[in-house]
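Student: Based on the sequences and whatever the hints tell you, model everything.
Numbered according to numbering that gives the first Met the number 0, the sequence shown spans residues 0 to 577.
Bear in mind the hints are in silico, worked out from the structure with no lab data behind them. For every residue, glycine included, the Cβ atom is placed at its ideal position computed from N, Cα and C.
Pair by pair, the computed Cβ-Cβ distance ranges are: (1) N146 <-> K433: 47 to 53 angstroms; (2) K433 <-> E114: 30 to 36 angstroms; (3) E541 <-> S91: 46 to 52 angstroms; (4) S91 <-> R191: 47 to 53 angstroms; (5) Q354 <-> K433: 31 to 37 angstroms; (6) A205 <-> E111: 40 to 46 angstroms; (7) F349 <-> E170: 56 to 62 angstroms; (8) D306 <-> G60: 41 to 47 angstroms; (9) P139 <-> Q118: 17 to 23 angstroms; (10) G124 <-> G411: 29 to 35 angstroms.
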Amino acid sequence: MATFVGSPYWVRLRSIGEITLAHPPVLCQCSRRRLRSIAVPLPRRGFAVSASASAYAASDGQVRVRFAPSPTGNLHVGGARTALFNYLFARSKGGKFVLRIEDTDLERSTKESEEAMLQDLSWLGLDWDEGPGIGGDFGPYRQSERNSLYKEHAQKLLESGHVYRCFCSNEELEKMKEIAKLKQLPPVYTGRWATASEEELQEELAKGTPFTYRFRVPKEGSLKISDLIRGEVSWNLDTLGDFVIMRSNGQPVYNFCVTVDDATMAISHVIRAEEHLPNTLRQALIYKALGFPMPYFAHVSLILAPDRSKLSKRHGATSVGQFREMGYLPQAMVNYLALLGWGDGTENEFFTLEQLVEKFTIERVNKSGAIFDSTKLRWMNGQHLGAIPSEALTKLIGQRWKNTGTLKDSDGPFVDEAVQLLKDGIDLITDSDKALTNLLAYPLHATLTSSEGKVIVEDKLPEVSASLVAAYDSGELVGALEEGHTGWQKWVKGFGKSLKRKGKSLFMPLRVLLTGKLHGPDMGASVLLLYKAGKYDVVAPEAGFITLDERFNMLKQVDWESFNQDQTQLEPAATLSN
0 MATFVGSPYW
10 VRLRSIGEIT
20 LAHPPVLCQC
30 SRRRLRSIAV
40 PLPRRGFAVS
50 ASASAYAASD
60 GQVRVRFAPS
70 PTGNLHVGGA
80 RTALFNYLFA
90 RSKGGKFVLR
100 IEDTDLERST
110 KESEEAMLQD
120 LSWLGLDWDE
130 GPGIGGDFGP
140 YRQSERNSLY
150 KEHAQKLLES
160 GHVYRCFCSN
170 EELEKMKEIA
180 KLKQLPPVYT
190 GRWATASEEE
200 LQEELAKGTP
210 FTYRFRVPKE
220 GSLKISDLIR
230 GEVSWNLDTL
240 GDFVIMRSNG
250 QPVYNFCVTV
260 DDATMAISHV
270 IRAEEHLPNT
280 LRQALIYKAL
290 GFPMPYFAHV
300 SLILAPDRSK
310 LSKRHGATSV
320 GQFREMGYLP
330 QAMVNYLALL
340 GWGDGTENEF
350 FTLEQLVEKF
360 TIERVNKSGA
370 IFDSTKLRWM
380 NGQHLGAIPS
390 EALTKLIGQR
400 WKNTGTLKDS
410 DGPFVDEAVQ
420 LLKDGIDLIT
430 DSDKALTNLL
440 AYPLHATLTS
450 SEGKVIVEDK
460 LPEVSASLVA
470 AYDSGELVGA
480 LEEGHTGWQK
490 WVKGFGKSLK
500 RKGKSLFMPL
510 RVLLTGKLHG
520 PDMGASVLLL
530 YKAGKYDVVA
540 PEAGFITLDE
550 RFNMLKQVDW
560 ESFNQDQTQL
570 EPAATLSN
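Tutor: The structure is reproduced here in structure tokens:
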């Protein structure tokens, strides 16, 4: 319940909605062609209205919510979370999720931005029931296409006396602000044209003086609303002043558009960011002046950076499109965004969109700011990635490898085995790029000249290399690789016996010589994949893959004596081979 309490100077005796609303002017019809405003002083009185109507919804009682982005940039994660909460609330109540484009800022709004936002919402799986591309009974769904509706309602307010024409110039308005500042008062409009006579109005109109439409605001009192998330919130009316609803160029102001749109689209619940909370005061006044029932309001907290400042570009990626390009999954983004200010009361952190619809309640949305933790988002994405069925994951990563120009084909035995080998080290789809290129790379020289590599070299690595080259040239190693994993294990065991080596003293030299690296996924599986990559020619030429044949030719040309000399400046192998 929202209550206005105060003593306005003028009272307009007319029943609006449920109550008799105190309001500045009284109108009388002096002729059929002209209405004249007569200011009649009456005793001061207070009044009350409902800002979150006790049982308001669409005419059929259906819950209707809306997400109304401005197409002036990318879809921020904060906006995406607001859209998600609206979507979840609508779906959990069997209601409608409406998408409305607020593109009245003609200079900054672009079609490209609108299309990108629609794409991002679709990618997240937040399908709207009414809006662009779908239509509906309450359209049009772009504000730029609703100007006639705004003008119609502005005219109603003018005729009813709730608004008046203001002919103040920018210079006059600035002077008012300066005077208010000197008097240490709020910078509100002083009402220069609120009580102008009909003769004064007609004189300015005859001169063609530009004018705005200003809404008459009671000079005293306060407004209290019951917010579904934040509880009771109140404002003093004397801090507001008469505000503009239509600019001198005929363009409607944001708060007027939003109120008319929400009312005429039968929006039952307005769920939006807390930065819109101050707008509620102006919108509540407009709702009642037009005789519209008001929706419930729920203002969601801001998403904060780790330093508790408002999340912005300086903190890294902030738009849904950026996270998509970085390789994040839509289901992981939805899951993480839902947890920024909401929880189901258990320790569970993993939800599908369907589970969120089942669990979501507006009562469990926290009014405190939520910290955006990119490390946790990455971890959560890895968990969702691991939950994808093997066949679907292989298809997803295989297509990625082909699209990036690493592989010639997106499927086949090599892709199947490579995904199974590398998937545990992949948190993002884009991680698969580095995982595969690392597997295919052969940074032998960098590893041998590193501080860790020196230890391996000094453990008679040249002797192991010579035996390995001989095994390859004889066809013994190739024959083992043809037999698969069993053949490889059998060959390694025999090769170790011939060198009287086992464990780390056997596997570390073999890993360095065959993969060029000190660390990596299972060596046997890696070597088998490298062999198949060369045999079946699956790697694109631009990937720079060095086949086993080429690796052994390189080993034959290594000047081992040079590595036995003291190395003065050795770098860690991890920085060179990863």
